[in-house]
Amino acid sequence: MGLFVLRRLGVMLLTAIALTFVVFYLTNLPPNLEKLARTEGSVRMTDEAVADWIVKNGHSGSVFLRYGQWLGVVPGWTYTDEKGQSRGRCFQIGEDAAAAPRFCGILQGNWGYSTFFKSPVAASLGEKLAATGWLMLAVMLVMVPTSLLLGVLSGMREGSATDRTLSTFSIATTATPEYVSGVILVALFATASTGISPLLASYGLIEPNKTLFLASATSAMDDITFWNFTLPVMTIALYGIGYIARMTRASMTEVMTQQYIRTARLKGVTFRNVVLKHALRNALIAPFTVIMLQFPWLLNGVVIVESLFNYKGFGWTLVQAASNNDIPLLLACSVVAVVVVLLTQLISDIGYVFLNPRIRLA
Amino acid sequence: MDQLTWTGTAGTLLLPLLQIALLALALGLVAKLLFVLAGLDGPRLPSADGTIAARSPGDFASLGIRYSFFAAVAAIFFMLAAGAVMPSPVEAGILGAMAVRFWPVWAALAATFVLSLRFRRRLGLYGKLFDSTVGMIGFAIVMFWVFTAIFADVIVTHDAFAQLSGLKNKPPGIAAPDSAYGWYLLGGDHLARDVFSRMVMGAREVLKIAPAATLFAFMVGITLGLPAGYFGGRLDTVISFLANLVLAFPVILLFYLLVTPEIRNTGIPVVLAALLFIFPIIFLTVLFNSRFYTDPTKRNIYVGLTLLIGLWAYSGLAFNRDPLGIWSMQPNMLNVFVSVVFVNSPGVFRIVRGLVMDIKARDYVAAGQTRGEGPWYIMLWEILPNARGPLIVDFCLRIGYTTILLGTLGFFGLGVSPDSPDWGSTIDDGRKLLNLFPHPAVTPALALMSLVLGLNLLADGLREESLKD
Chain A
1 MGLFVLRRLG VMLLTAIALT FVVFYLTNLP PNLEKLARTE GSVRMTDEAV ADWIVKNGHS
61 GSVFLRYGQW LGVVPGWTYT DEKGQSRGRC FQIGEDAAAA PRFCGILQGN WGYSTFFKSP
121 VAASLGEKLA ATGWLMLAVM LVMVPTSLLL GVLSGMREGS ATDRTLSTFS IATTATPEYV
181 SGVILVALFA TASTGISPLL ASYGLIEPNK TLFLASATSA MDDITFWNFT LPVMTIALYG
241 IGYIARMTRA SMTEVMTQQY IRTARLKGVT FRNVVLKHAL RNALIAPFTV IMLQFPWLLN
301 GVVIVESLFN YKGFGWTLVQ AASNNDIPLL LACSVVAVVV VLLTQLISDI GYVFLNPRIR
361 LA
Chain B
1001 MDQLTWTGTA GTLLLPLLQI ALLALALGLV AKLLFVLAGL DGPRLPSADG TIAARSPGDF
1061 ASLGIRYSFF AAVAAIFFML AAGAVMPSPV EAGILGAMAV RFWPVWAALA ATFVLSLRFR
1121 RRLGLYGKLF DSTVGMIGFA IVMFWVFTAI FADVIVTHDA FAQLSGLKNK PPGIAAPDSA
1181 YGWYLLGGDH LARDVFSRMV MGAREVLKIA PAATLFAFMV GITLGLPAGY FGGRLDTVIS
1241 FLANLVLAFP VILLFYLLVT PEIRNTGIPV VLAALLFIFP IIFLTVLFNS RFYTDPTKRN
1301 IYVGLTLLIG LWAYSGLAFN RDPLGIWSMQ PNMLNVFVSV VFVNSPGVFR IVRGLVMDIK
1361 ARDYVAAGQT RGEGPWYIML WEILPNARGP LIVDFCLRIG YTTILLGTLG FFGLGVSPDS
1421 PDWGSTIDDG RKLLNLFPHP AVTPALALMS LVLGLNLLAD GLREESLKD
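From first to last, the protein sequence lines are chains A and B.
Start counting the first sequence at 1; every next residue gets the next number (the numbering used here).
Start counting the second sequence at 1001; every next residue gets the next number (the numbering used here).
It is worth saying that the hints were derived from the structure and are not from the lab.
Take the hints with a grain of salt, since some may be wrong.
Straight-line distance between alpha carbons at most 30 Å, and here's what the computed DSSO-like set of lysine-lysine pairs gives [said to hold, decoys possible]:
#, chain 1, residue 1, chain 2, residue 2
1, B, K1468, B, K1360
2, A, K210, B, K1170
3, A, K118, B, K1432
4, A, K210, B, K1360
5, A, K312, B, K1128
6, B, K1432, A, K35
7, A, K35, A, K118
8, B, K1170, B, K1360
9, B, K1468, A, K210
Distance ranges between label pairs, derived from CB positions [unchecked claim]:
#, chain 1, residue 1, chain 2, residue 2, range
10, B, D1419, A, L343, 55 to 61 Å
11, B, L1215, A, L355, 34 to 40 Å
12, B, E1262, A, R164, 45 to 51 Å
13, A, T257, B, D1419, 38 to 44 Å
14, B, I1309, A, T168, 51 to 57 Å
15, A, V55, B, L1215, 56 to 62 Å
16, B, S1179, A, A51, 22 to 28 Å
Just so you know, even glycine gets a beta-carbon here, dropped at the ideal spot from N, CA and C.
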C-alpha cells in the first residue's frame, strides 16, 4: 500500500511538471510575449523595441531555463542596462540586487504579479478561489445526495416504470451542457417577461417585475442568498446529477442481481431492509470514484457558469487571464487546476482500495 | 400582416387540451415519486384466493402518467399536422409553419424509417436498433438534425446573415414585411437576423465538424490503443502516460491555450494536424496490408490507393498545399478541428486499450497466434471486429460530447468567425440580453440539447441491442 501510494505520488509529480511545462510553453510563445510587450510598454512600439523589451524583462533565452526560474529551481534573471541600473526577477528596480534572494519561483511562494488585476497573483487568486469554494460546496451538497438517491431508486428495480422515468431524466441532464441548461434556467426562472416569474407575479406570490431567482450571481460574492445562488448551483449540479445517477444505477443493478441479495430476500428480509442494509453499501463504491473524478469536469462547469452568471471566482479569473494575456495569472490558474485534478485522481484511487476489500495491492 | 400566434387556428381547441394533459402528467409524476418513496408502489401480487389484488396507488399513478403523456403527444402532433394543411402561416401558427418548412426532413425521415423497418432483419446491428424504442427515438432525433443540415438551404426562410431593419430582438412570429417569406418565425436576434434560419444553418455548422472530428479521434485512438493493449510493456507505459497527461488537462484551459489567433502564427496547429492526420493513413495502410499480405497484387492496389488519396488529402488538410486545390481547410477551422481531435483521442485510446487487454486473452486470439498470424492481423482483423459493439456505442456518445465541446468553443468565442450561425456562438450572442429577450439564446440551446439527447438515446439503444448478442 505504501509503495503504491509512493509510486502514484511520483507519477503525479512527473505529470504535474509535464503539464505545467506545457502551459508555460504555450503561454510564453513569442506572439504572446510580443502582445505582452505592447500592452505593458506601448502599443506603437517598433519591432526592435519589442524585442528589446522582451530581452530586458527576462523573457528571452531558453524556455527550459525560464520555466526553471518560474518554478524556482534556476536562479532568477537579472539585467543591467547601459545606465548601470539593474532589474531582475527577484527584486524591484532600485532595490539592491545583491540582497535579493537568488531563487524566486512558485516553490519559494512567488507567484508573480498579475498584469490584469494589477496586484500580486497569490492574493487575488486566493480570494477568487474562496468564492469558487463556496460555489463548489453548494454544488456538492445538492449534487451528491440527489444523484445517489435517483440512482438507487432507479437501480433497485431494474426495468420498472420508475427506473425508466428516472433514467430518461438522467440521460436528459447529461445531454445538457452547462451553457444550455444555464440559458434555459434563466429563461424559465429569472426573466420578468417569460417563464414562470410573470405567472407567479400575477398570482401575487412574488412582487411584480421581480423574478423568482436572480440571473446574475455577482451579489453572491458578498452575500450568498437563495435568490442569487440557486441558478448557478443548479446549472452546475444538473449535469453531474445525471452522470453520477447513471453510474450509481449501473452499480446498484449489478449488486441487486448478486446471490447474497437473493439469499436475504428468501430469508424474508423486507425489500426496504435489503436495499438499505445489504445492497446500498456495496453499491456506493463505484459512485465514490465517479464523484471524485467528476471534479475535473466541475472545473469546466465552474468556468462556464461563472462567466454566464458573472460570479467572480476561479473560472471567471481563468477566462479573464486567458483573454487578457495575463501570463502569471494564467499559469497560477493552471497550477491550481492541475493540482485539483491530480489530487482527486489520487484520492479516488486510494479511496477505492480502502472501500473495496477485494482489491489488494502488493 | 399580423404577428403569428404559436399555434394558429388549431391551437384554440388544442392548446387547453395540451395544458390539461401536461398538468396531469406533472401531477402523475409527483404522485408516482411520492408513492415510490412511501412504499406504496409495487408489483401486483396475487392475493390468498388466487385472484389478482387491486392495483397499488403507484400503479394508478403510472397509468395516469402514461395516458396524459400520450394525450400531450397527440395534442402536439395534431397541432403540427393541422399547421401543415393550413393554407398560410397565419392559420398554421408558428409551430405549424415550422412543421411545413421542415417538409424535406419529414419526407426523408419517413423514407428512412419505412425502408429500415421493412428490411431490418437484413441490416445487422443497424436493423436491430429498430427493436428498441429508446434507440428508435434517438435515431429519429439524430436523423432529424442530419437531414436538417443536408436540406438547410430549402428549409431556411431567410438568409442566415441578412439583417432586416426594425426587427431587432423582436419576439417569435413577428411580421417581416420587407422579406419574401413575410415572417420571422422565431423572432429576430440582436442584429435583426432571423433566429429560425440561423438555428437551421447552425445544424450544418455543427454536423460538419463533430462527426468528422470524432472519426479522426477514433482513428488516432485505435491506432495507438491496439498495440498498447496488445503488446503492453514499455510502449504501453509511455503512450498511457501521454494520454493521462492530456486527460488531466481541464478542457477549457486547453482550449484557451490551443485555440487562439496568436497560436496560429506559431504554426503549432499545423504541427498538431500533421501529427494527428497521419494516423488515419497509417491505420488504413496497415489494415489493408495485414489483410492482403498474401496476395501482393490486391495488396498493392489497396495500399497504393490509400496512400495516394490519403497523402493527397493530407497535404491539403494539414499543410494547405494541395497541388489540385480540392482539399483545404480554413486556418481557424483547422485550429478548432485539431484541438477537438486532440482532446478526444486519449479517451478513445483508453477504451480501445482496455477492450484489447480483455479480448486478447480469448481462445480465438490464441488460435490465431498458433496459426502464425501476424500481430497486426490479429489486432485489426481478429480483435477489432470483436470490440465493435462498445466502440460504436462510444462513437455515438462521443459525437455528442464533441458537439458539446464545439458549443463550448463557440460560447467562449474561440476559433469561430463572429457572425457564424453555429449554436455555441449564437447562445453566446443571445445570453447578453437573456433577461429581456430570451428567444435568440433559447432556440439554439434547445437545438443543441435535443441533438445531444438524441445521440445519447441512440447510444443507449445500441448498447441494449448489442448486449443481446
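Hint check results:
1. Among the hinted pairs, K1468 of chain B with K1360 of chain B is consistent with the structure: their alpha-carbon atoms are about 22 Å apart, no more than 30 Å.
2. Under the criterion of a C-alpha separation no larger than 30 Å, the hint pairing K210 of chain A with K1170 of chain B is consistent with the structure, at around 22 Å.
3. Proposed proximity of K118 of chain A and K1432 of chain B is supported: the alpha carbons are some 27 Å apart, at most 30 Å.
4. Restraint check for K210 of chain A and K1360 of chain B: not satisfied, since their Cα atoms lie roughly 63 Å apart, outside the 30 Å limit.
5. For the proposed pair K312 of chain A and K1128 of chain B, the alpha carbon gap of about 50 Å is over 30 Å, so the pair is violated.
6. Note on K1432 of chain B and K35 of chain A: the hinted pairing holds, with a Cα-Cα distance of about 28 Å set against a maximum of 30 Å.
7. Taking the CA atoms of K35 of chain A and K118 of chain A, the gap is near 17 Å; set against the 30 Å cutoff, the hint holds.
8. In summary, the hint linking K1170 of chain B to K1360 of chain B is not supported, as the alpha carbons are separated by about 61 Å, beyond the 30 Å threshold.
9. Between K1468 of chain B and K210 of chain A the alpha-carbon distance is near 54 Å, which puts this suggested pair outside the 30 Å criterion.
10. For D1419 of chain B and L343 of chain A, the hinted distance range of 55 to 61 Å is not satisfied, since their beta carbons lie about 42 Å from each other.
11. For the pair L1215 of chain B and L355 of chain A, the beta carbons lie near 38 Å from each other, so the given range of 34 to 40 Å is met.
12. Separation of E1262 of chain B from R164 of chain A is about 50 Å and conforms to the stated range, judged on CB atoms against 45 to 51 Å.
13. Between T257 of chain A and D1419 of chain B the beta carbons are some 54 Å apart, a value that contradicts the proposed interval 38 to 44 Å.
14. Under the hint 51 to 57 Å, the C-beta atoms of I1309 of chain B and T168 of chain A, about 43 Å apart, miss the expected range.
15. Between V55 of chain A and L1215 of chain B the beta carbons are some 46 Å apart, a value that contradicts the proposed interval 56 to 62 Å.
16. Against the hinted window of 22 to 28 Å, the Cβ-Cβ separation of S1179 of chain B and A51 of chain A comes to about 54 Å, which falls outside the hint.
When each numbered hint is compared with the structure, violations occur for hints 4, 5, 8, 9, 10, 13, 14, 15, 16.
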